[in-house]
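Trainee: Take a look at the letters that make up each chain.
There are 2 protein chains.
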Amino acid sequence: MNRLLLESGNYLDSSGNVLAGDVGIEDGKILFIGSAPKGWQSDQIIDCRDKLTIPGFVNAHTHAAMTLLRSYADDMALMDWLQQKVWPAEANLTGEDVYWGSQLAIAEMLASGTTAFADMYFFMDRVAQACVETGIRASLSRGLIAAGASEENLRLSENEQLFIDYHGAENGRISVMLGPHAPYTCPPECMKKVVALSERIGAEIHVHLAETQWEVNQSQKKYGKSPVSLLDELGVFERGTLAAHCVWVSPQDIEILAAKKVRVAHNPSSNLKLASGAAPVTAMLEAGVIVGLGTDGATSNNNLDMLEEVRLASFLQKLNRMDPTVLPARQILSLSTQGGAAALGQAESLGRIEVGCNADLAVFDMTAPHWYPRHDLASMLAYSANSADVLYTLVDGRILYSKGEFMTLDIERVKAEAAARGLRLAK
Amino acid sequence: MNRLLLESGNYLDSSGNVLAGDVGIEDGKILFIGSAPKGWQSDQIIDCRDKLTIPGFVNAHTHAAMTLLRSYADDMALMDWLQQKVWPAEANLTGEDVYWGSQLAIAEMLASGTTAFADMYFFMDRVAQACVETGIRASLSRGLIAAGASEENLRLSENEQLFIDYHGAENGRISVMLGPHAPYTCPPECMKKVVALSERIGAEIHVHLAETQWEVNQSQKKYGKSPVSLLDELGVFERGTLAAHCVWVSPQDIEILAAKKVRVAHNPSSNLKLASGAAPVTAMLEAGVIVGLGTDGATSNNNLDMLEEVRLASFLQKLNRMDPTVLPARQILSLSTQGGAAALGQAESLGRIEVGCNADLAVFDMTAPHWYPRHDLASMLAYSANSADVLYTLVDGRILYSKGEFMTLDIERVKAEAAARGLRLAK
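Residue numbers (my numbering), protein chains in the order written: chain A, 1 to 427; chain B, 1 to 427.
For the record, the hints were derived by calculation from the structure and aren't laboratory data. Because the structure is a prediction, the values reported are computed rather than measured. Check each hint, because a few of them may be wrong.
[Stated by the list, open to error] Away from chain A, derived, C-beta distances all over 12 angstroms, residues of chain B: (1) Ser42; (2) Gln129; (3) His167; (4) Lys415; (5) Glu417.
[Said to hold, decoys possible] Here are the simulated SDA-like pairs of lysine to any residue, each with C-alpha atoms no more than 25 angstroms apart in a straight line: (6) Lys403/B x Trp81/B; (7) Lys403/B x Asp22/B; (8) Lys427/A x Thr325/B; (9) Lys427/A x Asp22/B; (10) Lys427/A x Lys403/B; (11) Lys427/B x Lys427/A.
Just so it is clear, CB atoms sit at the ideal spot from N, CA and C, and this is done for glycine as well.
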């Protein structure tokens with residue numbers, strides 16, 4: 001048994017309020033909040049005075065290994081960016097590159113309070129390896145792209161193998177979805193094959209959806225319907241779906257997303273940096289759509305800092321509605337934790353500081369100047385805090401990051417490998 | 001003589017490129033870049049390997065002491081926020097409160113790489129005192145508000161006294177402007193008195209302008225012209241003007257701002273958090289308007305982190321224009337440094353790492369995971385960096401902040417005073 005006590009601190013409860021109290025962890029789960037059961041003794045104590053413990057952020061959509069191309073190509077038009085820069089560089093990616101790029105991403109996520117992420121990329125067995133080794137929680141999917149009308153390169157069997165090898169691995173810490181890239185890169189015939197596999201093996205689906213106006217226009221022209229309608233008709237939403245972006249969705253699309261319980265990953269930094277648009281998050285929430293927050297890849301962000309997404313998501317909806325009361329602090333924090341947990345299909349066990357939930361936690365130090373005075377700690381977390389305030393990050397009750405030290409990865413090697421590999425890819 | 005060498009680092013040059021080289025400082029100014037003049041010896045050396053030196057950020061618009069009300073009232077409609085929360089709390093402010101609130105703000109700014117700020121508030125002699133003591137650069141103005149049509153409370157003589165006492169103080173480190181709050185709080189008769197004083201003593205003006213749609217509508221209704229036109233006709237733009245916000249400006253307004261060389265302080269976080277709108281920064285820049293960036297007060301932000309404003313300002317314009325190429329990394333960094341220096345009327349001596357400029361600098365550590373790999377350092381600074389990466393902050397060549405330590409203020413006392421005073425005000 002592994003018993004850890006977060007002593008004398010403050011914690012963010014599932015309603016978004018900050019309360020004072022101990023948090024006790026046993027065998028990877030939250031055993032109690034408030035005071036310990038009689039006779040319970042911890043193996044280890046973290047002094048949480050002047051600290052705030054929150055459910056770790058869930059990064060609901062990223063491409064971890066794209067850290068290798070961070071700052072390689074910015075401020076470019078989307079197709080120039082993809083065709084001239086990203087795709088040529090990615091063509092030279094090796095499995096080893098993806099492993100080290102993912103390690104770098106995991107280091108950055110742990111250091112900024114993220115405890116779980118949903119990933120879609122290539123060489124996903126190497127991403128899985130990085131997750132197994134570092135101890136972070138992840139939902140992995142192989143990006144499935146059909147070049148033109150061909151299905152040869154779809155790599156469906158690779159995704160199936162990933163599912164067989166890793167779904168539920170590490171006591172459920174790693175899960176696997178199928179990753180049809182997007183309606184415009186994985187046309188109906190391919191999408192049907194993905195759906196058939198999803199049905200056969202019981203896998204959920206992670207897809208990019210309605211990211212740009214171009215995508216919607218192209219879908220209307222080609223199929224006479226929106227990307228959301230198209231995927232709905234193809235059966236993509238039947239067994240649990242995580243849909244990234246959903247920037248250009250109509251009221252009818254939103255109804256479908258709500259009815260089919262599609263979980264949307266909203267990526268405000270990426271949507272703004274690529275000038276894709278501002279997703280109608282408030283409208284989706286009003287319609288009952290489940291929404292989590294994501295960073296997208298580090299090439300279109302350019303970091304994996306979930307606290308930046310929290311702030312930007314709230315600000316953007318206030319602007320969109322011209323109403324400062326929408327997406328208030330408690331609600332946006334909930335999106336970044338509970339919303340993300342739901343996006344990963346793990347709402348029951350993740351994203352809340354409640355007895356029985358997985359002890360995936362981030363502990364913020366509150367001694368920097370921007371934490372004073374403390375009128376409202378939830379508000380301070382949402383609008384004032386800095387991700388560098390994170391002191392400890394735990395997954396399944398295990399301390400993976402502690403005061404600048406990474407317990408499960410060799411950060412100097414990770415940085416050196418990522419630097420060398422990133423520069424090689426850019427050549 | 002005080003000679004400091006920033007050795008073996010990288011620095012952001014005035015075109016926005018990052019170059020490798022030493023930076024030598026003598027008597028508060030940049031003496032050389034690259035290699036030292038023959039025989040020159042430093043008194044002190046900072047090892048800048050793996051570090052990036054930038055001109056300190058200039059926060060072109062804030063209300064420093066409002067840190068005391070940080071997180072006191074968020075996610076509220078503007079008038080509810082002001083009438084029910086901010087104004088009642090401010091009514092109880094003392095000079096001592098403002099002094100400690102300003103110290104807290106200065107600590108936060110120094111720790112995040114800001115070396116100068118433009119402030120408008122009350123008890124400005126106490127803000128000046130905090131600036132004198134801490135060594136930060138500031139442009140100070142007394143907020144001038146006429147209650148109703150009355151001018152009794154205008155406090156013009158207080159602003160004049162501030163000018164007499166502090167303009168040019170500390171070898172030019174502190175300057176003073178007149179601070180007519182806004183066209184709607186300082187009506188034409190009052191504004192004329194401000195202009196007359198500005199003419200008599202040669203003071204520049206700091207004003208809030210065209211922040212909300214309501215302000216513009218009200219101005220049209222009352223005066224038949226926009227707030228920008230109104231102030232132009234009243235002569236407010238004749239002797240150097242810093243105008244905060246300018247969210248709701250027409251093409252005609254923008255022409256006036258450009259022609260009169262008005263310096264605009266763009267405050268994207270505050271404008272979004274209060275749902276004021278998105279300023280047409282790209283259009284203003286295209287028209288030749290000088291633009292700096294500001295945080296506004298910590299009640300509507302809720303921190304004083306200029307790097308967040310850098311990122312948000314760029315993202316917001318990309319969204320506004322639906323074009324990812326606008327406000328690219330180098331340009332937005334320039335707004336936060338050179339633009340801010342110009343906003344403060346100090347373009348000649350500030351905001352650039354060039355020989356002869358004031359040595360107001362921030363040194364970023366580049367060893368965190370988000371600094372790898374390094375394809376483009378200017379891009380990384382704009383889009384990946386975290387303000388907590390700041391290791392050293394210098395004003396006039398003097399190290400004010402060094403690896404978490406504040407050299408000119410008692411941070412524990414500042415935090416304790418701010419905490420106690422903030423909570424008292426909220427009662």
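Trainee: Give a verdict on every hint.
Mentor: Taking the hints in turn, this is what the structure says about them:
{"no.": "1", "hint": "Ser42", "in the structure": "holds (30 angstroms)"}
{"no.": "2", "hint": "Gln129", "in the structure": "holds (19 angstroms)"}
{"no.": "3", "hint": "His167", "in the structure": "holds (28 angstroms)"}
{"no.": "4", "hint": "Lys415", "in the structure": "violated (5 angstroms)"}
{"no.": "5", "hint": "Glu417", "in the structure": "violated (9 angstroms)"}
{"no.": "6", "hint": "Lys403/B x Trp81/B", "in the structure": "violated (37 angstroms)"}
{"no.": "7", "hint": "Lys403/B x Asp22/B", "in the structure": "holds (20 angstroms)"}
{"no.": "8", "hint": "Lys427/A x Thr325/B", "in the structure": "holds (23 angstroms)"}
{"no.": "9", "hint": "Lys427/A x Asp22/B", "in the structure": "violated (28 angstroms)"}
{"no.": "10", "hint": "Lys427/A x Lys403/B", "in the structure": "violated (36 angstroms)"}
{"no.": "11", "hint": "Lys427/B x Lys427/A", "in the structure": "violated (61 angstroms)"}
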